[in-house]
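Protein sequences, first through last, are from chains G and F. Position 36 of the first sequence, counted from 1, bears residue number 35 in numbering that gives the first Met the number 0, the numbering being contiguous throughout. Position 199 of the second sequence, counted from 1, bears residue number 198 in numbering that gives the first Met the number 0, the numbering being contiguous throughout.
Be a bit skeptical, because a hint or two may be false.
Remember, identical chains collapse to one label, so a pair may be satisfied in a single copy or spanning two.
[What the hints assert, rightly or not] Derived lysine to aspartate or glutamate pairs resembling DMTMM-like cross-links, with alpha carbons at most 20 Å apart: (1) 49 x 7; (2) 49 x 72; (3) 123 x 166; (4) 59 x 72; (5) 78 x 206; (6) 123 x 135; (7) 59 x 29; (8) 49 x 35; (9) 25 x 192; (10) 123 x 192; (11) 78 x 4; (12) 49 x 162; (13) 78 x 29; (14) 78 x 192; (15) 78 x 205; (16) 49 x 82.
Please keep in mind that the hints were generated in silico from the structure rather than gathered at the bench.
Residue-level listing of the chains:
2 protein chains.
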Amino acid sequence: MPRTDIPDIVIGRLPLYLRALTRLSKEGHDITSSHELGEQLGISSAQIRKDLSHFGEFGKQGTGYTIQTLSTELQRILKVDTEWQVALVGIGHLGQAIANYGGFADRGFRISHLFDNSPERIGKRVNGLTVTALDEMATVIEEEGIRIAMIATPARSAQQVADILIEAGVQAILCYAPIIISVPEPVRVQYIDPVIHLQRMSYYIDD
Amino acid sequence: MPRTDIPDIVIGRLPLYLRALTRLSKEGHDITSSHELGEQLGISSAQIRKDLSHFGEFGKQGTGYTIQTLSTELQRILKVDTEWQVALVGIGHLGQAIANYGGFADRGFRISHLFDNSPERIGKRVNGLTVTALDEMATVIEEEGIRIAMIATPARSAQQVADILIEAGVQAILCYAPIIISVPEPVRVQYIDPVIHLQRMSYYIDD
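In isolation and in its complexed conformation, chain G is listed as follows (with noise of 0.2 Å):
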């Protein structure tokens, strides 16, 4: 069972860490410090050591983090230690370019199911992966043990697909159409919304 206690806000900051600390060792480093981590992802130092520390004992004063040790336990809170099965629904342009996408490797995620309503796509192979029928849908994602899903269908059938979904055991929802949908507790959804990137960054355009 995950912890309640600790914001939601410091969960959310916690994959940036995982992400920060990857790029680091990529980049040879096998020690990092809370003040490094800031400057790379615009945090404050303490806010980084304040967020580690509901979790326990990272860091050493003066020696600071050993990247890989991080890095595992920070996969092992966020449970992508181990690989979920993802379902992926909608292949229209948008669904086809998600299951071409390269950044789920070693992350904790593998799209492993494609769902779809229209028959000249169902059948239809993409990235290894044959698309289903949405009528099929509730089916596999029970047999299957799925929780974690992604719509990339047309906003207008974003909310069914996600009832279906949440009624055959989907317990995260990744939303990329431009819509809110209405989900029970304790499911939780996250949006893909570029605006509020484009946001955070036209604060500072010097035009």
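Fit chain F to the supplied structure of chain G, relying on the hints for placement.
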């Protein structure tokens, strides 16, 4: 000139506040509170009040925030009270999906130019825009004074595309490719990284 004394992590939360306010407004609300916003966003009300206090006095003790007023102020602060032209580079499956994305309207950005280097795509129409050759990109960006771009190319091309964009005057890049790109100060980059969102949710899965 943007103020540089405000932490970027604070700037990064303002778009979330703006999106939540828009949602509340669409639901028919006129007034909200830091408590209500915090509930929606999983952020403490104290944090929200502290973030907003960087920019002045918006709420009244006991009566909360007028949604319309606070939205207008946040739009002005984030410089999305205007509409920015945005260049989109890479018109494969992903680029076509982005060009057709319905989430940009009334949020400060309009995709105005599409670029690709593939002969089959150049000249093609996507959502009312014609795909222009990559060779002409620098000239168009300069002439139109474009400051914001999105990169939806394969990872191997992203750095080269970014270099051309920045040389031509782009100051903010949203990168969909699964690669870290290097940019000179003061250019900003943000990444669309679905794994960051998935890892934030896997923490909570009760398997």
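Taking the hints in turn, this is what the structure says about them:
For a Cα distance limit of 20 Å, the shortest separation of residue 49 from residue 7 qualifies both inside one copy, at 14 Å, and across copies, at 18 Å. In this homomeric assembly, residue 49 and residue 72 come within 20 Å of each other (Cα to Cα) only inside a single copy, at 16 Å, whereas the closest approach across copies is 32 Å. In this assembly of identical chains, the alpha carbons of residue 123 and residue 166 never lie at most 20 Å apart, being 26 Å within a copy and 42 Å across copies at closest. In this homomeric assembly, residue 59 and residue 72 come within 20 Å of each other (Cα to Cα) only inside a single copy, at 15 Å, whereas the closest approach across copies is 44 Å.
In this assembly of identical chains, the alpha carbons of residue 78 and residue 206 lie at most 20 Å apart only when taken from different copies (10 Å versus 44 Å within one copy). Only within a single protomer do residue 123 and residue 135 lie at most 20 Å apart by alpha-carbon distance; the minimum there is 15 Å, versus 36 Å between protomers. Taking the closest pair of Cα atoms, residue 59 and residue 29 come within 20 Å of each other only inside a single copy of the chain (14 Å); across copies the shortest separation is 50 Å, beyond that limit. In this homomeric assembly, residue 49 and residue 35 come within 20 Å of each other (Cα to Cα) only inside a single copy, at 15 Å, whereas the closest approach across copies is 26 Å.
In this homomeric assembly, residue 25 and residue 192 come within 20 Å of each other (Cα to Cα) only across copies, at 18 Å, whereas the closest approach inside a single copy is 28 Å. Within a single copy, residue 123 and residue 192 get their C-alpha atoms no closer than 28 Å, and across copies no closer than 26 Å, so neither meets the 20 Å cut-off. For the identical chains of this complex, residue 78 and residue 4 are intra-copy neighbours only, at 17 Å inside a copy versus 36 Å across copies, given an alpha-carbon limit of 20 Å. In this homomeric assembly, residue 49 and residue 162 never come within 20 Å of each other (Cα to Cα): the closest approach is 37 Å inside a single copy and 37 Å across copies.
In the homo-oligomer, the alpha carbons of residue 78 and residue 29 never lie at most 20 Å apart, since the shortest distance is 23 Å inside one protomer and 41 Å across protomers. In this assembly of identical chains, the alpha carbons of residue 78 and residue 192 lie at most 20 Å apart only when taken from different copies (18 Å versus 24 Å within one copy). Taking the shortest alpha-carbon separations for residue 78 and residue 205, only the inter-copy value of 10 Å comes in at or below 20 Å, while the best intra-copy value is 41 Å. Taking the closest pair of Cα atoms, residue 49 and residue 82 never come within 20 Å of each other, the shortest separation being 28 Å inside a single copy and 39 Å across copies.
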